[in-house]
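S.K.: One letter stands for each residue in the lines below.
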Amino acid sequence: MVPVSYYLILSAILFLCGVVGFLIKRNLITIFMSIELMLNGVNLSFVAFAAQWHHLSGQIFVFFVMVVAAAETAVGLAIIIAVYRTRETLNVDQVNLLKL
Amino acid sequence: MLHLVLFLVFGAICVAGAVNLLIQRHPISSALSLVVVMASLAVEYLLLGAEFVAAVQVIVYAGAVMVLFVFVIMLLNAGEEELTKGSRVAMIVGVPGVLAGGLLIAWVLIHDSGGNAVPLGALPGFPQKIGALLFHEYLLPFEVTSVLVLIAILGAVFLATKPETPPAPTGRKG
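First to last, the sequence lines map onto chains A and B. Counting from 1, one number per residue, gives the positions in the first sequence under our numbering. Counting from 101, one number per residue, gives the positions in the second sequence under our numbering.
Because the hints were derived from the structure by calculation, they are not lab data. Hints may contain errors.
[Stated by the list, open to error] Ranges of calculated distance between the beta carbons of each label pair, as one might list FRET restraints:
| hint | chain 1 | residue 1 | chain 2 | residue 2 | range |
| --- | --- | --- | --- | --- | --- |
| 1 | A | Val95 | B | Ile159 | 45 to 55 Å |
| 2 | A | Trp53 | B | Pro263 | 43 to 53 Å |
| 3 | B | Pro227 | A | Leu97 | 45 to 55 Å |
| 4 | B | Pro227 | A | Asn96 | 39 to 49 Å |
| 5 | B | Phe226 | A | Asp93 | 24 to 34 Å |
| 6 | B | Ala116 | A | Asn91 | 23 to 33 Å |
| 7 | A | Val65 | B | Ala116 | 16 to 26 Å |
| 8 | A | Leu97 | B | Gly197 | 19 to 29 Å |
| 9 | A | Gln94 | B | His211 | 44 to 54 Å |
| 10 | A | Asn91 | B | Val109 | 33 to 43 Å |
| 11 | B | Leu240 | A | Leu97 | 32 to 42 Å |
| 12 | A | Ala82 | B | His236 | 38 to 48 Å |
| 13 | B | Phe258 | A | Val95 | 15 to 25 Å |
[As the list claims (entries may be wrong)] Computed footprint of chain A on chain B, listed as stretches where at least three residues anywhere in the stretch have a Cβ under 8 Å from a Cβ of chain A:
| hint | segment |
| --- | --- |
| 14 | 114-125 |
| 15 | 129-138 |
| 16 | 162-168 |
| 17 | 172-179 |
| 18 | 222-233 |
[Unchecked claim] Covered by chain A, according to a simulated footprint, are these stretches of chain B (three or more residues, beta-carbon under 8 Å):
| hint | segment |
| --- | --- |
| 19 | 101-109 |
| 20 | 148-158 |
| 21 | 198-208 |
| 22 | 238-250 |
We put the CB at the ideal spot given by N, CA and C, even for glycine.
Throw the hints in and build the complete structure from the sequences for me.
M.R.: In structure tokens:
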């Protein structure tokens, strides 16, 4: 028997790692991977809550999150390729055209 | 007991992979540690009884999505990231945000009553049940996501194709 809160703590740690990576990483692709890490942490909490309340809806939501994440990955990586074509860099510090 | 040991071992692998993702400077190393995180998360899903979710996690996330990532890293020939000072906004907003999240985790840890423990395989998510739920109760969201995926495919193709080279100026040939 493992308390559900253990799973929630693990998912929170994963989410926090994603947030930290999003803030400290300077490579576009790695920032994108941090977002995937956050989505994975949320998925774990969905499954944990589904087990706690004995309702399969939580697992269904995981599928929807996965579909949205896959679509987001496809479009996001295409945008990264387009950015690289025009700016010749993957460093976010040098992609600053909209910055004041 | 076995449940707890498995949870702790794969949870530790999971967190180690996530931290390694942050430490590594080369995108390929980060991508491979993300694969480790996703694979060990699939084991955590199995422990909770979500068998189908675990299979889909391995196939879709650790398989398809990560292959896409690795392909793009290789296509763009991404090297090690340069060390630069982070943005000021990230420091001002990010540090308190991360601190608040960490405090929330600590709060949950302290206030953990120990109740609500789930046994091994608490809620078996067999494909049959998942499918029945997906195609009856959640039919509309299912169809909407299919449209979303279609739009995403079109958008990805449109964005990633090379812009056409402008046609050669006519009339110069005379």
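S.K.: If a hint holds in the structure, say so; if it doesn't, say that too.
M.R.: Structure-based check of each hint:
The hinted window of 45 to 55 Å between A:Val95 and B:Ile159 is violated, with their beta carbons roughly 33 Å apart. At roughly 50 Å, the beta-carbon separation of A:Trp53 and B:Pro263 lies within the given 43 to 53 Å, and the hint holds. B:Pro227 and A:Leu97 have their C-beta atoms about 47 Å apart, which keeps the hinted 45 to 55 Å range intact. Here the CB-CB span from B:Pro227 to A:Asn96 is close to 48 Å, well matched to the stated 39 to 49 Å.
The hinted window of 24 to 34 Å between B:Phe226 and A:Asp93 is violated, with their beta carbons roughly 49 Å apart. Under the hint 23 to 33 Å, the C-beta atoms of B:Ala116 and A:Asn91, about 27 Å apart, fit the expected range. A hinted range of 16 to 26 Å holds for the C-beta pair A:Val65 and B:Ala116, which are about 24 Å apart. For A:Leu97 and B:Gly197, the Cβ-Cβ distance of about 26 Å falls inside the hinted range of 19 to 29 Å, so the restraint holds.
Distance hint for A:Gln94 and B:His211: a CB-CB separation of about 45 Å, consistent with the stated range 44 to 54 Å. With their beta carbons about 37 Å apart, A:Asn91 and B:Val109 fall inside the hinted range of 33 to 43 Å. Checked against the hint of 32 to 42 Å, the pair B:Leu240 and A:Leu97 passes, with Cβ atoms roughly 40 Å apart. Distance hint check: the CB atoms of A:Ala82 and B:His236 are about 40 Å apart, consistent with the given range 38 to 48 Å.
The hint said 15 to 25 Å for the Cβ distance between B:Phe258 and A:Val95, and at roughly 20 Å that hint holds. Figure legend: the segment 114-125 of chain B, annotated as covered by chain A; annotation consistent (6 residues with Cβ-Cβ distances under 8 Å, at least 3 required). With a cut-off of 8 Å between beta carbons, the segment 129-138 of chain B has 5 residues touching chain A; three or more are needed, and the interface restraint holds. Given as covered by chain A, the segment 162-168 of chain B passes the check, having 3 residues with a CB less than 8 Å from a CB of that chain where 3 are the minimum.
Coverage of the segment 172-179 of chain B by chain A holds in this model, with 5 residues showing a Cβ closer than 8 Å to a Cβ of that chain against a need of three. Chain A is given as covering the segment 222-233 of chain B, and this holds because 6 residues of the stretch bring a CB closer than 8 Å to a CB of that chain, at least three being needed. Evaluation of the coverage hint for the segment 101-109 of chain B: fulfilled, as 3 residues show C-beta separations to chain A shorter than 8 Å, against a requirement of three. Given a C-beta distance limit of less than 8 Å, the hint that chain A covers the segment 148-158 of chain B holds, as 7 residues qualify and 3 suffice.
Coverage of the segment 198-208 of chain B by chain A holds [criterion: at least 3 residues with CB-CB distance below 8 Å; count 6]. Residues of the segment 238-250 of chain B with a Cβ under 8 Å from some Cβ of chain A number 5, which satisfies the need for three, so the listed coverage holds.
Hints 1, 5 from the list above are not met by this structure, while the remaining hints are.
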